[in-house]
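Chains as they are written, first to last, in my numbering: chain A, 6 to 99; chain B, 18 to 347.
Note that these hints are calculated values from the structure, not bench results.
Fair warning: there could be bad hints in the mix.
Claimed, not checked - Using 27 angstroms as the maximum straight-line C-alpha spacing, the simulated DSS-like pairs for lysine-lysine come out as follows:
{"id": "1", "chain 1": "B", "residue 1": "260", "chain 2": "B", "residue 2": "98"}
{"id": "2", "chain 1": "B", "residue 1": "52", "chain 2": "B", "residue 2": "65"}
{"id": "3", "chain 1": "B", "residue 1": "320", "chain 2": "B", "residue 2": "343"}
{"id": "4", "chain 1": "B", "residue 1": "337", "chain 2": "A", "residue 2": "41"}
{"id": "5", "chain 1": "A", "residue 1": "72", "chain 2": "B", "residue 2": "338"}
{"id": "6", "chain 1": "B", "residue 1": "204", "chain 2": "B", "residue 2": "139"}
{"id": "7", "chain 1": "B", "residue 1": "46", "chain 2": "B", "residue 2": "65"}
{"id": "8", "chain 1": "A", "residue 1": "62", "chain 2": "B", "residue 2": "52"}
{"id": "9", "chain 1": "B", "residue 1": "98", "chain 2": "B", "residue 2": "320"}
{"id": "10", "chain 1": "A", "residue 1": "62", "chain 2": "B", "residue 2": "282"}
{"id": "11", "chain 1": "A", "residue 1": "41", "chain 2": "B", "residue 2": "52"}
{"id": "12", "chain 1": "B", "residue 1": "31", "chain 2": "B", "residue 2": "46"}
{"id": "13", "chain 1": "B", "residue 1": "46", "chain 2": "A", "residue 2": "72"}
{"id": "14", "chain 1": "B", "residue 1": "31", "chain 2": "B", "residue 2": "56"}
{"id": "15", "chain 1": "A", "residue 1": "41", "chain 2": "B", "residue 2": "305"}
{"id": "16", "chain 1": "B", "residue 1": "338", "chain 2": "A", "residue 2": "62"}
{"id": "17", "chain 1": "B", "residue 1": "65", "chain 2": "B", "residue 2": "98"}
{"id": "18", "chain 1": "B", "residue 1": "337", "chain 2": "B", "residue 2": "65"}
{"id": "19", "chain 1": "B", "residue 1": "282", "chain 2": "A", "residue 2": "41"}
{"id": "20", "chain 1": "A", "residue 1": "72", "chain 2": "B", "residue 2": "98"}
{"id": "21", "chain 1": "B", "residue 1": "337", "chain 2": "A", "residue 2": "62"}
{"id": "22", "chain 1": "A", "residue 1": "41", "chain 2": "B", "residue 2": "98"}
{"id": "23", "chain 1": "B", "residue 1": "137", "chain 2": "B", "residue 2": "338"}
{"id": "24", "chain 1": "B", "residue 1": "137", "chain 2": "B", "residue 2": "204"}
{"id": "25", "chain 1": "A", "residue 1": "72", "chain 2": "B", "residue 2": "52"}
{"id": "26", "chain 1": "B", "residue 1": "137", "chain 2": "B", "residue 2": "337"}
{"id": "27", "chain 1": "A", "residue 1": "62", "chain 2": "A", "residue 2": "72"}
{"id": "28", "chain 1": "B", "residue 1": "98", "chain 2": "B", "residue 2": "189"}
{"id": "29", "chain 1": "B", "residue 1": "204", "chain 2": "B", "residue 2": "52"}
{"id": "30", "chain 1": "B", "residue 1": "139", "chain 2": "B", "residue 2": "65"}
{"id": "31", "chain 1": "B", "residue 1": "56", "chain 2": "A", "residue 2": "62"}
{"id": "32", "chain 1": "B", "residue 1": "260", "chain 2": "B", "residue 2": "189"}
{"id": "33", "chain 1": "B", "residue 1": "343", "chain 2": "A", "residue 2": "41"}
{"id": "34", "chain 1": "A", "residue 1": "72", "chain 2": "A", "residue 2": "41"}
{"id": "35", "chain 1": "B", "residue 1": "343", "chain 2": "A", "residue 2": "62"}
As the list claims (entries may be wrong) - Ranges between beta-carbon positions, derived for each pair:
{"id": "36", "chain 1": "A", "residue 1": "67", "chain 2": "B", "residue 2": "131", "range": "27 to 35 angstroms"}
{"id": "37", "chain 1": "A", "residue 1": "82", "chain 2": "B", "residue 2": "337", "range": "31 to 39 angstroms"}
{"id": "38", "chain 1": "B", "residue 1": "328", "chain 2": "A", "residue 2": "70", "range": "21 to 29 angstroms"}
{"id": "39", "chain 1": "B", "residue 1": "306", "chain 2": "A", "residue 2": "40", "range": "54 to 62 angstroms"}
{"id": "40", "chain 1": "A", "residue 1": "67", "chain 2": "B", "residue 2": "123", "range": "24 to 32 angstroms"}
A quick note: this is a predicted structure, and the numbers were derived from the prediction, not measured.
A virtual CB, placed ideally from N, CA and C, is assigned to each residue, including glycine.
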Amino acid sequence: MSNEWPLWEVFIRGQHGLSHRHVGSLHAPDQEIAIKNARDVYTRRNEGVSIWVVQSKDIAASSPGDKEPLYEPSNSKVYRHPTFFDIPDEVGKM
Amino acid sequence: MYAQEVKSTGQGVKSLDEMEPDERAFQEKINADVKIEPKDWMPEGYRKTLIRQISQHAHSEIVGQLPEGNWITRAPTLERKAILLAKVQDEAGHGLYLYCAAETLGVSRDQMTEQLLSGKAKYSSIFNYPTLTWADIGAIGWLVDGAAIMNQVPLQRCSYGPYSRAMIRVCKEESFHQRQGYDIMMKLCEGAPEQKDMAQDALNRWWQPSLMMFGPPDGDSVHSAQSMAWGIKQNTNDELRQKFVDETVPQAEYLGLTVPDPDVKWNEARGHYDFGELDWDEFYEVLKGNGPCNKERLGARQKAWTDGAWFREGLMAHAKKRDARKMAAE
C-alpha cells in the first residue's frame with residue numbers, strides 16, 4: 006500500500022464571471038485523471054464551468070500562528086476605506 | 018449513526034480553569050462557534066476522535082454502495098436504474114468528501130483503507146443487512162437515508178471546518194436519496210396487493226435496524242459528553258432517534274403501511290410518539306461482525322481493493338515515467 010496516488014486540491018469556477026473557488030481534494034495519479042475525477046466528484050450537479058487542479062504539496066500556506074503579524078497592521082489603517090472621508094453633500098456623488 | 022460507536026479519547030470533560038492556555042484558547046473558540054481548521058492547535062483527543070468518526074462515516078458511505086448496488090442490474094425500469102446508479106454514485110462521492118476531510122487531520126487514505134479492510138475500523142451496522150427485494154431499495158432510501166439526514170444536518174455545524182463543509186455538500190445531495198426511496202414505496206403501495214405486501218415486508222425488516230443507526234441509548238453512550246463539549250456532536254442519540262420516529266410514523270401512515278412495533282403510539286403529554294425497546298444485543302452482534310452480511314460486505318471491499326491493485330499501480334508507474342521523460346527533455 007505504499008504506492009498511494011498523490012493528493013490534489015480542486016478549484017471550480019461555478020459560473021462565468023466568477024473566480025475559481027476551492028471545493029475539496031482528491032487522489033489521482035496525474036493531472037489529466039485528477040481533472041476527470043474532479044468532474045465526477047465535484048460537478049455531478051452542474052456545479053461548474055471550469056476546473057483547476059494542483060497537487061497539495063505544491064501549495065504554500067500561511068500559518069494560523071502568524072495571524073497577528075500578518076493581519077493586525079491593517080486594523081489601524083481605516084483610511085483605506087472610503088467611508089473614512091466625509092465629503093459634503095453639496096459635492097454630490099463621489 | 019454512520020459513526021455509531023466512536024470512542025472519544027478525552028479524559029472526561031474539563032472546565033476552562035483546568036485547561037492549559039492552548040487548550041483553553043481552543044475550547045473558547047469552539048464555545049464562540051469559531052471553526053477549527055487543519056493547521057490550528059487542537060488536543061490530541063479531539064484529533065483522534067475526529068479521525069475515528071470521519072473515517073467511520075466515510076467507510077459507511079463506501080460500504081453503503083453494496084446493498085443498493087445489488088439491485089442496479091435488476092431495477093424494474095430503465096429510469097429507476099438510472100436513478101439508482103446516480104444515487105450509488107453519490108454515495109461514492111460522499112465517501113470521498115469525507116476521506117479528504119479526515120486526511121486533513123494527518124491520517125493517509127491508505128491507512129484508512131487498510132483499517133477498513135482489516136476489520137479494525139467500523140462502519141454503520143445498517144449495511145450488514147441484505148436487500149432481498151426491490152422494495153428494500155425503497156425502504157433504504159426512505160428510512161436509512163432519512164435517518165442519515167437527521168444525523169447529518171446538525172453535523173453541518175460541527176466545530177471542525179473540513180468536516181462541516183463536507184457535511185454541507187452531503188446534505189445538499191442527500192434529500193434526493195430519501196425522496197427517490199419514498200417514491201418507490203408510494204408506487205409499490207399504489208400497486209397490486211403483492212406489491213404492497215413487498216413494501217410492508219421491507220418496512221418490517223428495516224424499521225428496527227434504522228432506529229439503531231442512531232447508536233446506543235444515551236445512558237450507555239459514554240463518549241457523548243466530551244464529543245458534545247468539543248462541538249463534534251450536537252444532539253444525543255436518543256434525541257435524534259425520537260425525532261426520526263416522530264417524522265417517519267406519519268409517513269408510514271400515508272403509505273397505508275404499519276410500523277412493526279405495537280408500542281408505537283402518539284403520546285399527547287410528551288408531544289412525541291412512544292415506541293418499544295430495541296434489540297441492542299443484535300446491534301452489538303452486528304457491530305462485532307456477526308450480522309447477516311458482514312463477511313460478504315468486507316469480502317467485496319477486499320476483492321475490489323486487491324483486484325484493482327494492478328490498475329492503480331499501472332497508472333502511477335505511467336505517470337512517473339512520463340514525468341521523468343518530461344524532465345529529461347527539459
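Results of checking the hints against the structure:
A hinted pair counts as satisfied when its Cα atoms are at most 27 angstroms apart, and residue 260/B with residue 98/B does not qualify at roughly 31 angstroms. A threshold of 27 angstroms between alpha carbons decides the hint, and for residue 52/B with residue 65/B the separation of about 17 angstroms falls inside it, so the pair holds. Distance hint between residue 320/B and residue 343/B is unfulfilled; the C-alpha atoms sit about 35 angstroms from each other, more than 27 angstroms. Under the criterion of a C-alpha separation no larger than 27 angstroms, the hint pairing residue 337/B with residue 41/A is consistent with the structure, at around 19 angstroms.
In summary, the hint linking residue 72/A to residue 338/B is not supported, as the alpha carbons are separated by about 41 angstroms, beyond the 27 angstroms threshold. A threshold of 27 angstroms between alpha carbons decides the hint, and for residue 204/B with residue 139/B the separation of about 35 angstroms lies outside it, so the pair is violated. Restraint check: the Cα-Cα separation between residue 46/B and residue 65/B comes to about 19 angstroms, which is no more than 27 angstroms; the hinted pair holds. For the hint pairing residue 62/A with residue 52/B, the CA-to-CA distance comes to about 24 angstroms; that is within 27 angstroms, so the pair holds.
This hinted pair checks out: residue 98/B and residue 320/B have alpha carbons roughly 24 angstroms apart, not beyond 27 angstroms. The straight-line distance between the Cα atoms of residue 62/A and residue 282/B is roughly 57 angstroms, outside the 27 angstroms bound, and the hint therefore fails. In summary, the hint linking residue 41/A to residue 52/B is not supported, as the alpha carbons are separated by about 31 angstroms, beyond the 27 angstroms threshold. Proposed proximity of residue 31/B and residue 46/B is supported: the alpha carbons are some 15 angstroms apart, at most 27 angstroms.
With a C-alpha separation of about 15 angstroms, the suggested pairing of residue 46/B with residue 72/A holds against the 27 angstroms cut-off. Only pairs whose Cα atoms come within 27 angstroms are accepted, and residue 31/B paired with residue 56/B is accepted, the gap being roughly 23 angstroms. Distance restraint check for residue 41/A and residue 305/B: the Cα-Cα separation of roughly 38 angstroms exceeds the 27 angstroms cut-off, and the hinted pair is therefore not satisfied. Taken as a hint, the residue 338/B and residue 62/A pair is honoured in the structure, with Cα atoms around 20 angstroms apart against an allowance of 27 angstroms.
With a C-alpha separation of about 40 angstroms, the suggested pairing of residue 65/B with residue 98/B is violated against the 27 angstroms cut-off. Note on residue 337/B and residue 65/B: the hinted pairing is violated, with a Cα-Cα distance of about 34 angstroms set against a maximum of 27 angstroms. For the suggested pair residue 282/B and residue 41/A, the alpha carbons sit about 51 angstroms apart, so the restraint of at most 27 angstroms is broken. For the hint pairing residue 72/A with residue 98/B, the CA-to-CA distance comes to about 51 angstroms; that exceeds 27 angstroms, so the pair is violated.
Between residue 337/B and residue 62/A the CA atoms are separated by roughly 16 angstroms; this keeps the pair inside 27 angstroms, and the hint holds. As the CA atoms of residue 41/A and residue 98/B are separated by approximately 24 angstroms, the hinted pair is consistent with the 27 angstroms bound. The hinted pair formed by residue 137/B and residue 338/B fails the criterion: a straight-line CA distance of about 35 angstroms is larger than 27 angstroms. Using a Cα cut-off of 27 angstroms, the hinted pair residue 137/B and residue 204/B is violated, with the two alpha carbons roughly 41 angstroms apart.
The hinted pair formed by residue 72/A and residue 52/B meets the criterion: a straight-line CA distance of about 15 angstroms does not exceed 27 angstroms. A hinted pair counts as satisfied when its Cα atoms are at most 27 angstroms apart, and residue 137/B with residue 337/B does not qualify at roughly 32 angstroms. Distance check on the hinted pair: residue 62/A and residue 72/A sit about 22 angstroms apart at the alpha-carbon level, within 27 angstroms; holds. A hinted pair counts as satisfied when its Cα atoms are at most 27 angstroms apart, and residue 98/B with residue 189/B qualifies at roughly 22 angstroms.
Taking the CA atoms of residue 204/B and residue 52/B, the gap is near 44 angstroms; set against the 27 angstroms cutoff, the hint is violated. For the proposed pair residue 139/B and residue 65/B, the alpha carbon gap of about 15 angstroms is at most 27 angstroms, so the pair holds. Of the pairs offered as hints, the one joining residue 56/B and residue 62/A holds, with about 15 angstroms between alpha carbons and a cut-off of 27 angstroms not exceeded. Distance hint between residue 260/B and residue 189/B is fulfilled; the C-alpha atoms sit about 20 angstroms from each other, no more than 27 angstroms.
With a C-alpha separation of about 22 angstroms, the suggested pair residue 343/B and residue 41/A falls inside the 27 angstroms cut-off, and the hint holds. Distance check on the hinted pair: residue 72/A and residue 41/A sit about 36 angstroms apart at the alpha-carbon level, beyond 27 angstroms; violated. Between residue 343/B and residue 62/A the alpha-carbon distance is near 20 angstroms, which keeps this suggested pair within the 27 angstroms criterion. Between residue 67/A and residue 131/B the Cβ separation comes to about 33 angstroms, which falls inside the hinted range of 27 to 35 angstroms.
In this structure, residue 82/A and residue 337/B break the distance hint of 31 to 39 angstroms, their C-beta atoms being roughly 49 angstroms apart. The hinted window of 21 to 29 angstroms between residue 328/B and residue 70/A is violated, with their beta carbons roughly 42 angstroms apart. Judged by the Cβ atoms, the range 54 to 62 angstroms given for residue 306/B and residue 40/A is violated: they are separated by roughly 39 angstroms. Distance hint check for residue 67/A and residue 123/B: the Cβ-Cβ separation is about 19 angstroms, which falls outside the suggested range of 24 to 32 angstroms.
In this structure, the hints that do not hold are numbers 1, 3, 5, 6, 10, 11, 15, 17, 18, 19, 20, 23, 24, 26, 29, 34, 37, 38, 39 and 40, in rising order.
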